[in-house]
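Undergrad: If you want my numbering, it's the 1-based position in the sequence shown plus 1.
Please keep in mind that the hints were generated in silico from the structure rather than gathered at the bench.
All values reported here derive from a predicted model rather than from experimental measurement.
Fair warning: there could be bad hints in the mix.
[Claimed, not checked] In the BS3-like style, the derived pairs of lysine-lysine whose C-alpha atoms are separated by at most 25 angstroms in a straight line are:
#1 108 with 4
#2 150 with 136
#3 39 with 61
#4 65 with 4
#5 69 with 3
#6 158 with 4
#7 69 with 136
#8 158 with 108
#9 3 with 45
#10 136 with 65
#11 39 with 62
#12 158 with 61
#13 69 with 4
#14 62 with 158
#15 136 with 62
#16 158 with 200
#17 3 with 158
#18 61 with 136
#19 45 with 69
#20 4 with 39
#21 45 with 62
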Amino acid sequence: MKKILITGVAGFIGSHVANRFLHEGYSVVGVDDLSSGKLENVPKGLEFIQGDLALSSTIKKLPKDCNKILHLAGQSSGEVSFDDPVADLEKNTVSTLNLILYGIEYKIERLVYASSMSTYGAVPNNPISESFDCKPLSCYGVGKLTSEKYLRVYQKKLPSVCLRMFNVYGPGQDLTNLRQGMVSIYLAQALANGKIEVKGSTDRFRDLIILMMW
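Can you build the whole structure from these sequences, using the hints too?
TA: Printed below as a string of structure tokens:
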């Protein structure tokens, strides 16, 4: 049976994806430090490890027989990243580098990394290409881009794919967590008081990704 390691398994995206892999017959190992995810979100039927992937003590708990890694864990707010850039670096970049080294040591077949639109920064025109010269504007974006570059450095030893995710939303999203993207933030505000607070320019627009339940 194929075994997959899913990080951020107690979060909105991680819990949905873990359910799907379980349904497809995979053996699933999930990791989460529960700093923002909730234990009740963790699907039944998987092996759960609680821990911070920036710590070697957590890496040592990971199984040695996984085939693939789906790395979804991390701090996900550009705004919050300015509050504590060092913590953001640990959550998003140190954890990724630790997983890369773990993957190389145990000959993982492939790592799929959840990156972000924040790697691009300000763009002069739309649409943009993946080959666009990224100039992130937040510590979060810098950390995500740095993680991508680490994966590129180690590509021959650990094949990887980076997915630059835009605003993800869908059924089961926690509207009390106002750090999960534009849709959840605006919807929570609208439900609370009928008004939406827009920070910055109202001329901005976003691509959206809906995460459907299956």
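Undergrad: Each hint: holds or not?
TA: Hints versus structure:
no.: 1; hint: 108 with 4; verdict: holds, 13 angstroms
no.: 2; hint: 150 with 136; verdict: holds, 13 angstroms
no.: 3; hint: 39 with 61; verdict: holds, 23 angstroms
no.: 4; hint: 65 with 4; verdict: holds, 10 angstroms
no.: 5; hint: 69 with 3; verdict: holds, 8 angstroms
no.: 6; hint: 158 with 4; verdict: holds, 19 angstroms
no.: 7; hint: 69 with 136; verdict: violated, 30 angstroms
no.: 8; hint: 158 with 108; verdict: holds, 8 angstroms
no.: 9; hint: 3 with 45; verdict: holds, 18 angstroms
no.: 10; hint: 136 with 65; verdict: violated, 37 angstroms
no.: 11; hint: 39 with 62; verdict: holds, 20 angstroms
no.: 12; hint: 158 with 61; verdict: holds, 20 angstroms
no.: 13; hint: 69 with 4; verdict: holds, 7 angstroms
no.: 14; hint: 62 with 158; verdict: holds, 22 angstroms
no.: 15; hint: 136 with 62; verdict: violated, 36 angstroms
no.: 16; hint: 158 with 200; verdict: violated, 42 angstroms
no.: 17; hint: 3 with 158; verdict: holds, 20 angstroms
no.: 18; hint: 61 with 136; verdict: violated, 35 angstroms
no.: 19; hint: 45 with 69; verdict: holds, 20 angstroms
no.: 20; hint: 4 with 39; verdict: holds, 23 angstroms
no.: 21; hint: 45 with 62; verdict: holds, 20 angstroms
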